[in-house]
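J.: Below, each chain spelled out in residue letters.
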Amino acid sequence: MRVELSAISKTYDGSTYAVRDVDLTIPSGSILGLIGPNGAGKSTALRMVATVMEPTRGTITYDGEVAGDPTAHQRLRSKIGFLGDGNPLYKDMTAAEYLTFFGQCFGLRGADLQRKVDDVLATFSLTHKADAKCKALSKGMRQRLLVARCLLHDPSLLILDEPADGLDPRGRSDLRTIVGQIRDRGVTIIISSHILRELDDLCDQVAILQRGAIVVSGNVGDIIERYEVSRLVYELRILSGLEQARAILAQRRVLIERESEADGLTALSLQVQGDDAAVADMLAELCGAGVRVVTCARVRSRLEDVYNRLSEDQVN
Amino acid sequence: MPNATQLPAKARLAQLRDAALPFVARTFRGNRLRRYAAASALLGLLSVLVGVWLSFGTGEFERDMRRAMDLEENRWDQDRISFRITADSALEFEMLEDDLDRLDRAGSVDEYSQLGSVRERAYSTLYTALSVDPPALFQSQQDQIRALLAEHPPSSQIDDPQWHYSENLRDYQFDWYQPSERARLQAIIDRELTPAVTLYASPLNATDGVRVTGAVAGGLVVLLMLIVAPLSSGATLAQEVHENTLQPVLGTRLRPADIIAGLTLSGLALGGLLAAPSLLVTLVAGLAAGTQIQLLPFVLLLPAASVFTVLLTQLVGFGLGRRWSSGIVATLLTAGLCMAMLFSVGFGMNLEDEMIGLVAMMPPVGLVHALRELFVPGLRLGPADVAAAMQVSVLAVVGFGALAGIMGRALTRRIEGRTQASLTRVEGFVAAALTLVLALVVIPDFNDTHAVAAYFVSLGLVALPWMLVLGGRVPVGDGPAKLRTIPLRSIMLELAGYVAIHTTVLVAIFGFDHVPWTAAGAFHLLWALAVMGLVAVRMVALPTNIVGSLFVMLSLAAVCFEFVSAGIFASAADHTLYAQGPVSPFVLFEASAVLGVIQLVLTVIIPVALVRALRKGSAGLV
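In the order they appear, the protein sequences are chains L and W. Per our numbering: the first sequence = residues 1 to 316. Per our numbering: the second sequence = residues 1 to 622.
By construction, these hints were calculated from the structure, which means they are not laboratory data. Some hints here could point you the wrong way.
[As the list claims (entries may be wrong)] Dumping the calculated EDC-like pairs for lysine to aspartate or glutamate here, alpha-carbon to alpha-carbon at most 16 Å:
#1 L:K139 x L:D168
#2 L:K139 x L:D165
#3 L:K91 x W:D175
#4 L:K135 x W:E243
#5 L:K79 x L:D63
#6 L:K133 x L:E97
For reference, chain L alone in the conformation it holds in the complex (with noise of 0.2 Å):
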């Protein structure tokens, strides 16, 4: 499904506004990531695109269609996948309870619907917890049903808002997985989240939001290029060779932001100009000279320099 959203602005006073003339354009089987710190608006503007929010201005479109009136927003509902911010669950449901409730809603019956029960709960590896309450569910796990549910009625749009939040890093990983399953089955999402390394790799789009306006949008490796983030953010963990490796990095121009001790190592937070060959040469160098290298880890997207960046420059 393609997204259009059109000078959306969203006051709820009629002075402050919470998005203002937002203008988006989200093809349809792409990935868009909307990123902005608390209170800028991200919630609004994806309950709007969801049609449980109505703009005070713009529109918005979805494959041409319009959502206008209340009967519009109800057919295209039945297209839309809404995980909101903060998505409680019933507690005394059962996984398969809860998601056979919200089938239901969206006008499942019968054979069809216990099919798509047991299909998202193979999908989301919960099949074995189809009978237990929800609130003996792991955090990960309910997060997993709460994104099965969106999924129920074969949405060709999903809204995710903050899916990552309070997940565990083995859940975010499998959530990205999922992610990137469900985009291969030509689904068009909306993903927010405040966690950017997770989506600089996952969004084929993003869109960066500050005080309820867009401030930069567009295709990920584009943005990267536009503004010139082409350093690596690593984290260097050496046994010994201290002095020599900072000989070495000073003479690759490798910046280090920060030394710390980690587990009884010598942590060092490095800036690498240039690309991962860049890394793997000054890696060998290190190694070559004598400095005894344990760990060497990306600790910082380049979309997060990005953001920074863009807060360097006051937009924030």
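Since chain L is already given, all that's left is putting chain W on it; use the hints.
T.: Positioned in the frame of chain L, the structure of chain W alone reads:
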């Protein structure tokens, strides 16, 4: 998809079924359906068992219940008139039989035994009957007494005639003109001073038993439909609001109206399932042994009252659920519903002909009343009043059905979460007019009612519903109150419109000549109505705190006081009432100057403070 209002009836029914399915299925998920069905069958069985127990049980409680339902006479009176002793247990019966044997053998019995006491009273009756000259018709009975006393002279001090004429018993009089007294006397003569001894048994026959069973089952149906069903819906919505689980449901293809319909039907389905066997028992008992025509108001009022109460509790649940957890809300709702039910039972069981109009404003009272008319023949109204009750019941069904619809619309707008008023202007006027009609029906015969009383009573009855309607006209939403503009002028003009309609209707009924015009009365009435409107707006538009709540309570107390003051001035101005009116326009000056000044100050301060609070707490007043 076409709008619900444009759909044909069949399609609308299908839409309702689609809306109800998720919520009803959720209520009966897992093995709940089986559990509820079992509980339902058990309740049906229990209603029959309790009915049979109350009909034929011999315990004190069952007897009291039968006497309360006017199905059994007082046993003391029965025993006294029939000159018998009724034993409550087999053991007591055996002991009395032993005493009778002893009396038969020895000719006397222990004076402190039950038998001795009853015989003593019998002698007393005989002697006092002898002491009063009977009418000529009963002269032979006095001869029979003399013969009996000659045959069975008193054998102890207790049986000494002089003892019976002692000071202690002199006040006992015999009334030859009382049929019950003569019946007792004849029984004593016939049984030759030896009382009959019987083991207690319920005097009810099988038909009475069916009636009692029907009444018990009907009572259970009313409890389930007017307490359990509303509680289920109200607490569920409170939980949805409190835990924010409504938000994902609003994101589905269900419209807000569908969600409210679904929640309403799920509560009704639960109550209906639990009540089904008991309802069947009620209907069968009503057809078999009751006043069949009274099934009609019961059957009509039951769904209307249930739907109305379910929607009302949802409205309360929605309002309270934002602040309190569903457990607290459920407790409050239970307390409120039980109190309303106690009130309804009290009124419904004792509803006299002149108060039959109360059914129009309180359908639960009508339900209890219909059950009484169905199953309690002793308390039945006359045919003319039955017809009036029927008309009022039908009016209540129509009125409360329409009010339930308006409440449903208000709830739909509330759960949408948009900044808007819960009711449109037209809906507000319709609701105000409906409550006015129902309030006017409550007033007994207009020919016997004074214009001033009719005006103030009807206005008092509609005050609370009108406050709710005015509250529904205040825009609310998810945003803070400080950011909302309150259309105060428009709301107050609407209130003026309601009052104008009310006054016009009353003037049309009683005639212009019967209206007592008084400037002081009009001032107090307008003040009370204006402050009532401001309080209604204040309660909905602004968040509450302790000081604010106290001020609202003070304002409401002042409204009541000024309302009564207006009534006093109006009564005084009506020359037909010959009532003495206050000299001062502020009645508390009559009591003391200090109180008068306080009244004067509050008259100024309260409306000013309310308007200021509304202005300060909102984005502005228009």
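J.: For every hint, state whether the structure bears it out.
T.: Going down the list of hints, with the structure as the test:
For the given pair, K139 (chain L) sits about 9 Å from D168 (chain L) by alpha-carbon distance, which is consistent with the 16 Å threshold. The straight-line distance between the Cα atoms of K139 (chain L) and D165 (chain L) is roughly 10 Å, inside the 16 Å bound, and the hint therefore holds. Taken as a hint, the K91 (chain L) and D175 (chain W) pair is broken in the structure, with Cα atoms around 75 Å apart against an allowance of 16 Å. A C-alpha spacing of about 13 Å is found between K135 (chain L) and E243 (chain W), which places the hinted pair at or below 16 Å, so the restraint holds.
Our distance criterion of 16 Å between C-alpha atoms is met by K79 (chain L) and D63 (chain L), whose separation comes to about 11 Å. About 9 Å separates the Cα atoms of K133 (chain L) and E97 (chain L), which keeps this hinted pair within 16 Å; it holds.
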